[in-house]
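A.B. asks: Each chain, letter by letter, is given below.
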Amino acid sequence: MSAARAPLPRWVDIVLIPIINIAMALFVSGLIILAIGENPIEAVGIMLQGAVGYDGGIGYTLYYTTNFIFTGLAVALAFHAGLFNIGGEGQAYIGGLGVGLFLLAFDSVLPFVFLLPLTILACAAFGGAWAFIPAYLQAYRGSHIVITTIMFNFIASALMVYLMVNILIEPGSMSPESRDFMESAHLPFVHDVLGGLGISMVATPLNLSVIWAAICCVLVWIYVWHTRWGYELRTVGQSEKAAVYAGVNPSRVVVVTMCLSGALAGFVGLNEIMGVHHRLLLNFTAGYGFTGIAVALMGRNHPVGVILASLLFGILYQGGAELAFEIPRMTREIVVTIQGLVILFSGALAYMARPWLERLFAMLHRSGSPAMERA
Amino acid sequence: MPAEQSTTTGNPAGGAIPPPPAIRLKHISKSFGAVRANRDVSLEVAKGSIHGIVGENGAGKSTLMSILYGFYEADSGEIEIAGRPARIRNSQEAIGLGIGMVHQHFMLVDTFTVLENVILGAESGALLAPSKDQAARELARLENEYNLYVAPEALVGDLLVGERQRVEILKALYRGAEILILDEPTGVLTPQETDQLFRILRALRDQGVTVILITHKLREIMDVTDAVSVMRGGQMVAHRKTADTDKEELAELMVGRKVRLELDKEPASPGPTRLLAENVTVTDADGVPRLDNVSLTVHAGEIVGIAGVSGNGQSELLEVLSGIAKPSQGRLVLSGREVTAQAPVHPDEARKLGIAHVPEDRHRLGLVTSFSARESAILGYQGAARFNRGPILDGTAITQNCSSLMEQFDVRPPDPWLRSGGFSGGNQQKLILAREMSPHPEVLLVGQPTRGVDIGAIEFIHRQLVARRDAGCAVLLVSVELDEILALSDRILVMFEGRIVGELTGAEADERRIGLMMANAMDSSEHATAGSTMTEQAP
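Protein chains in written order, with our numbering: chain X, 1 to 375; chain P, 1 to 539.
Note that these hints are calculated values from the structure, not bench results.
Treat the hints loosely; a few may be bogus.
Okay, derived cross-link-like pairs now, DSSO-like style, lysine-lysine, Cα gap no bigger than 30 Å in a straight line [claimed, not checked]:
1. X:K241 <-> P:K352
2. P:K217 <-> P:K26
3. P:K47 <-> P:K217
4. P:K258 <-> P:K247
5. X:K241 <-> P:K326
6. P:K247 <-> P:K26
From the derived model, a few chain P residues whose C-beta atoms are all more than 12 Å from chain X [claimed, not checked]:
7. E80
8. G83
9. E116
10. K132
11. D133
12. A136
13. P152
14. L160
15. H216
16. P270
17. Q329
18. F460
19. A471
20. G472
21. E508
22. R513
Heads up, the beta-carbon is just placed ideally off N, CA and C, and yes, glycines get one too.
Here chain X stands alone, though its shape is the one from the complex:
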């Protein structure tokens, strides 16, 4: 209340604050790396080299990025309607279930050209359906969506274990995995596609779902800012009373938005199940749904920001894996700690530096304005 603050220019909000947040995270990470007796500068070098320094690294980075885009968009879309969708993890899990069930049923029946769009639909339907239940409960029964979506993550996890262990497990198999899909039902790997074009690339999990992720970014952008449904969605997010005044039914918007959000999160399953593993298995979501929250926060809930933040997290994931491999003392736990610090500073503490910057800008402004008057 006491000290003066000035509204921040847009570029500070969009560019400077995220950079400061990452810098703070890296600084604290550096202290930790120093504490275990390694050189932080060297570690950063290895991370960057591992993430973007060679074609295989880039492939892995983009593969992670794909997942983050899906979950980041899911959180961002819901956020515009004022909804905090913490359930990306569960929706991704169930989205993958949709992919698996559909392909297990139809991979021998349909050719790829039909299989692909129908699988995308099945994936969206399952992910969306998993988000529909919390959405309905919020819109018509008043249960808070943050609570219910978190709970639905656990339910999704339990459901998957049950299905995989008891029903979908390949007969005679020791591990809870389904049979492999037929070759014709695999989403092509990028290295295979490039290979077909005569460009050689190391084999990585990167597959064509990365293109679907890019398309989803464009679709979300159009939907939110250039359709009347997006207009109504944002109105509900800003002021439910204004929405009612404008003839919008906020409950319906909540349900529709959450279903779309769940569908977006579900596409992680497309990448993982149809693109990488080619069979249904457990734990393929690996926390992408939760990281999506940090991605959306950091990307200011805009598709372009989500892409940039996803790239950053892709680099962190891939570079971190490389780091654990290269420096024995940098255990996996240390790498996870670094990732966690970035999420902490750019997610939970996203606005920590803001008041300081506001004061700084107010000071700059004050010392600047008398000069302007004299001029």
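Once you've looked at the hints, dock chain P against the given chain X.
C.D. replies: For chain P alone, coordinates are given in the frame of chain X:
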């Protein structure tokens, strides 16, 4: 006083010859980013006087008082309290200097008693009982001294608005306030409650308390103040002794040009009924009737004004007529369409029936402050064919629509891409009026059209409403500003506790009669002087 001020040489500790003013502000400046809210503002307030500060919204009154109360620190300038230089960095320091503030929106805990509210934040120890005993004695003293009675054990949630305001004043006095700042204190009061408040203020002044009254109502300045300072555009433009000035001069000083306070309008020539409500009741979630058996008609070509203290069912009336709420009982006929609890009308459908609605709460209903003006300018019409090309919103049409609305209604700045919240209150309101009037509705529902709107825009908005009426539109006007109701309405209905308690023609209405109806004291003859129905006497 203006003369003294300009020659002040700044000799605070000086001789005992003139008593130092209670407050002396010297060359206060304060900027928020590029906005210079206060520019070189100087002000002297004599001890034991009632000093009015008038100015339009955004003139810098609130900023100045926030500086005095420690919410902001001035960028430059000096403050002297009772002749001594003071630095006020937060409200605790302000309270320490004997400054108390009664905010426009009361800062009270509804579920606490009056006594508990008064001691809140000023408890003397960890245990409540001794503080309470001490406070009860002190309150009794204050109440006697200033004739400011409120039952100490009553729950604040059960009190009338005027009584809550007295609790706020007691709170400030309990903390030792010798300077009392009141920010727009009469906005929520009936005329009779306002009179009581002024009696209290005079009593305070006579006991040596210095009162600063911030208001935009010139009548109140003339009624109660000893001196008045006028602010415009962040600057202090004039200081006057109240006895030496009049409303017209003050209005001119506030706006910076001649203002016509009266409105010319021809007598109405009402046409067919456009809006009919029959025994309409709206009950809230707890089953409490917010609108109680209301019947009314509005004809084409007339303005029907709804007077009443805010919160007596006016909002619910607008909501039910615009389709936001549905009637629990009774029926409505909106442009020929029958509306009942079984067949409610949707806001979208109401709009298509030619019912336009300028809502009371423009920040939360009328527009979306974070949207650009062009987006707020289609709120409610986002589905209209002229703004859509297939599934995609037609950006060009939307921008053009906004530009043309801005031109017709003189919205400034005429920038469709500016954030809606970035416009002044008057320009926001003009944008909403433009949006709602442009489809040429048959019925125009208008709630608080000039709340928080500067005088220049008020003139414009009033003229537009009368022009709409003359063009054959049925206008229902809800306002808590009696002056506005009286100036615009052809017929006046008075609401109290969700019921319509009286009807007057525009010609026979005057402030006193409406005021009595607003307090619902008209019928009961034993309360012929309505002022006493809710005065100092304890029940």
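A.B. asks: For every hint, state whether the structure bears it out.
C.D. replies: Comparing the hints with the structure gives:
A distance of roughly 20 Å separates the Cα atoms of K241 (chain X) and K352 (chain P); the hinted pair therefore holds under the 30 Å criterion. Distance check on the hinted pair: K217 (chain P) and K26 (chain P) sit about 26 Å apart at the alpha-carbon level, within 30 Å; holds. A distance of roughly 23 Å separates the Cα atoms of K47 (chain P) and K217 (chain P); the hinted pair therefore holds under the 30 Å criterion. The suggested pairing of K258 (chain P) with K247 (chain P) holds, with an alpha-carbon distance near 12 Å, which does not exceed 30 Å.
Pair hint K241 (chain X) plus K326 (chain P) holds up; C-alpha atoms about 15 Å apart against a cutoff of 30 Å. For the proposed pair K247 (chain P) and K26 (chain P), the alpha carbon gap of about 27 Å is at most 30 Å, so the pair holds. For E80 (chain P), the shortest C-beta to C-beta distance to chain X comes to about 20 Å, beyond the 12 Å cut-off, and the non-interface label holds. With a least beta-carbon separation of about 25 Å from chain X, G83 (chain P) lies farther than 12 Å from that chain, consistent with its non-interface assignment.
Residue placement check: E116 (chain P) keeps its beta carbon more than 12 Å from all beta carbons of chain X (closest about 25 Å). Under the 12 Å C-beta cut-off, the non-interface status given to K132 (chain P) relative to chain X holds; the minimum distance is some 29 Å. Chain X leaves D133 (chain P) outside its interface by the beta-carbon criterion, the shortest separation being 33 Å against a cut-off of 12 Å. Taking the minimum C-beta to C-beta distance to chain X, about 32 Å, the non-interface status of A136 (chain P) holds against the 12 Å cut.
With a cut of 12 Å on Cβ distances, P152 (chain P) stays outside the contact zone with chain X, its closest approach being about 31 Å. Every beta carbon of chain X lies more than 12 Å from that of L160 (chain P), the smallest distance being close to 26 Å; the non-interface claim holds. With a least beta-carbon separation of about 25 Å from chain X, H216 (chain P) lies farther than 12 Å from that chain, consistent with its non-interface assignment. With 12 Å as the threshold on Cβ separation, the claim that P270 (chain P) sits away from chain X holds: the shortest Cβ distance comes to roughly 28 Å.
At the 12 Å boundary, the C-beta of Q329 (chain P) stays outside the reach of chain X, the nearest C-beta of that chain being 21 Å off. Distance check for F460 (chain P) against chain X: the nearest CB is about 23 Å away, which clears 12 Å, and the non-interface claim stands. Residue placement check: A471 (chain P) keeps its beta carbon more than 12 Å from all beta carbons of chain X (closest about 24 Å). With a least beta-carbon separation of about 25 Å from chain X, G472 (chain P) lies farther than 12 Å from that chain, consistent with its non-interface assignment.
With 12 Å as the threshold on Cβ separation, the claim that E508 (chain P) sits away from chain X holds: the shortest Cβ distance comes to roughly 35 Å. Here R513 (chain P) stays apart from chain X, with its beta-carbon at least about 34 Å from theirs, past the 12 Å limit.
When held up to the earlier numbered hints, the structure conflicts with none and fits them all.
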